[in-house]
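Following the hints, put chain B in place on chain A, whose structure we already have.
Here is how the chains run, residue by residue.
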Amino acid sequence: MNISATPTNFNQNITTSTTTKSNTYNKSVDANVENNTDVDKEQDAILYQRLKAAGCDLTNFSLEDQKKMIVSFPPLTAPGAVRKAYASALDNATPQEKKAVAGMSFYMYSYNKQTGTQTNLDNSVNNNVDGYLNLTNNFKGYFTQYQSALGDTEFKSFNNFLDNFTSELSKYNS
Amino acid sequence: MNLKKFASFVFILAFITSSLVGFSPKNVFAAAGAPPVTQFTILGYSWSSLYTGTNNYYDKSYASTVSVPDSTPYIITYEIGYGTRLSPYTMKTIDAFPITDSYNNVVGFIHVTSLSSLPTGLNNIKLSCNSMNSPWNVMSDSISLNIQPQTTTSLKTIPITSLKNIKTINDVNNLIK
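Protein chains in written order, with my numbering: chain A, 1 to 174; chain B, 175 to 351.
Chain A extracted, bound-state conformation (with noise of 0.2 Å):
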């Protein structure tokens, strides 16, 4: 095996698997990216490694490709400030509100396959903290639906987490 690192990732190479392709992509974090504001860059930086200690291949894919390729809510593609909004919320939240939203991506799907909303605002003019204020309200208003399946506590844990999600985010919102 041979390795054609720079010394940015040189611990990284020393732990490359054994099956790796050849190193098509050896960039860390996509800082190259224009327009990114230091929160993006920030949130990048840690969606870098956590995609990283999941396994995922940022050899052979730019950080920017993966973004694109996994699904998640907030999409990984929205902007550091609503990344930074949401992990805010996550830290701060309960167990029963962290257990509550769990699957939020999925609710999230079910969301657009129902209504047609465009959950992911990526390629939008809408994908700014404006835009995922306005989604996250009008899910609100959506997911009462899910109220008798998912019992009172855990729909207002749900609903609770929602509520403080949109309030970091209005911090952004200029």
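Heads up, some of the hints might be wrong.
[What the hints assert, rightly or not] If you want the ones that stay clear, here's a sample from chain A, every Cβ over 12 Å from chain B, calculated: (1) D40; (2) A45; (3) E64; (4) K98; (5) A102; (6) S110; (7) T115; (8) G116; (9) L121; (10) N127; (11) N128; (12) T166; (13) Y172.
[To be verified] Have a look at the derived ranges for each label pair, beta carbon to beta carbon: (14) A:T115 / B:N307: 25 to 35 Å; (15) B:N304 / A:A102: 37 to 47 Å; (16) B:Y277 / A:S170: 29 to 39 Å; (17) A:S167 / B:S245: 39 to 49 Å; (18) B:T267 / A:G151: 18 to 28 Å.
These are computed hints drawn from the structure, not numbers from a lab. Treat the numbers as computed from the prediction; the structure is a model and nothing was measured. Note that beta-carbon positions come from the ideal geometry of N, C-alpha and C, so glycine has one too.
Frame of chain A; chain B shown alone:
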């Protein structure tokens, strides 16, 4: 006569109203039994360390592009109706999230299912869903996953004294050859 007609109208109206109370669509479902499976789709795939905590998964369309670094992949399915999932592999339900309609009825589920001990290489995986009720139909979907469990070169196998001599990337290559 008119009074009699009016009284019978009120009686009929009261009867219909009382019949409708507590007869929401939800109860119709309960009375008729679980609806059969009308849709069964694989949405994507994941694995434990990618899914845990953030519920991240790859869209199914990337299955031929992005391999799975774990011999226990997670398969995400979207099911409308009530059914039992079947597969030749050992399955375990990791998560189940309800899908509801606007009447608050649970009309289906998004399931996250792990398949244990898949062999390394390309695996064509077929999952089926058998309806729990008449007409007992079976729906299925498949996904091809390239299972490539990561076997990392452990630093423990490299003598610590050798690490002190690393000055260039060639030294690393020589060490892990």
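Against the structure, the hints come out as follows:
1. Every C-beta of chain B lies more than 12 Å from that of D40 of chain A, the closest at about 18 Å, which supports listing it as non-interface.
2. With a minimum CB-CB distance of about 16 Å to chain B, A45 of chain A clears the 12 Å threshold, and the non-interface call stands.
3. With a closest Cβ-Cβ approach of about 14 Å to chain B, E64 of chain A is found to remain outside the 12 Å limit, as its non-interface label requires.
4. K98 of chain A, annotated as away from the interface, has a beta carbon of chain B within 12 Å; the closest lies near 9 Å.
5. With a closest Cβ-Cβ approach of about 6 Å to chain B, A102 of chain A is found to fall inside the 12 Å limit, against its non-interface label.
6. A beta-carbon of chain B comes within 12 Å of the beta-carbon of S110 of chain A; the shortest separation is about 5 Å.
7. Distance check for T115 of chain A against chain B: the nearest CB is about 10 Å away, which does not clear 12 Å, and the non-interface claim fails.
8. Every C-beta of chain B lies more than 12 Å from that of G116 of chain A, the closest at about 14 Å, which supports listing it as non-interface.
9. The non-interface label for L121 of chain A is consistent with chain B: the shortest C-beta to C-beta separation is roughly 16 Å, beyond 12 Å.
10. Distance check for N127 of chain A against chain B: the nearest CB is about 18 Å away, which clears 12 Å, and the non-interface claim stands.
11. The beta carbon of N128 of chain A is kept farther than 12 Å from every beta carbon of chain B, the shortest such distance being approximately 22 Å.
12. Interface exclusion of T166 of chain A from chain B stands, the closest Cβ pair being 19 Å apart, more than 12 Å.
13. Its beta-carbon lying about 20 Å from the closest one in chain B, Y172 of chain A satisfies the requirement of being farther than 12 Å from that chain.
14. Take T115 of chain A and N307 of chain B: their Cβ atoms lie about 27 Å apart, and the range 25 to 35 Å holds.
15. Distance hint check: the CB atoms of N304 of chain B and A102 of chain A are about 27 Å apart, inconsistent with the given range 37 to 47 Å.
16. Taking 29 to 39 Å as the suggested C-beta distance range, the pair Y277 of chain B and S170 of chain A conforms, at roughly 33 Å.
17. Distance hint check: the CB atoms of S167 of chain A and S245 of chain B are about 42 Å apart, consistent with the given range 39 to 49 Å.
18. Roughly 19 Å separates the CB atoms of T267 of chain B and G151 of chain A, a value that falls within the hinted 18 to 28 Å.
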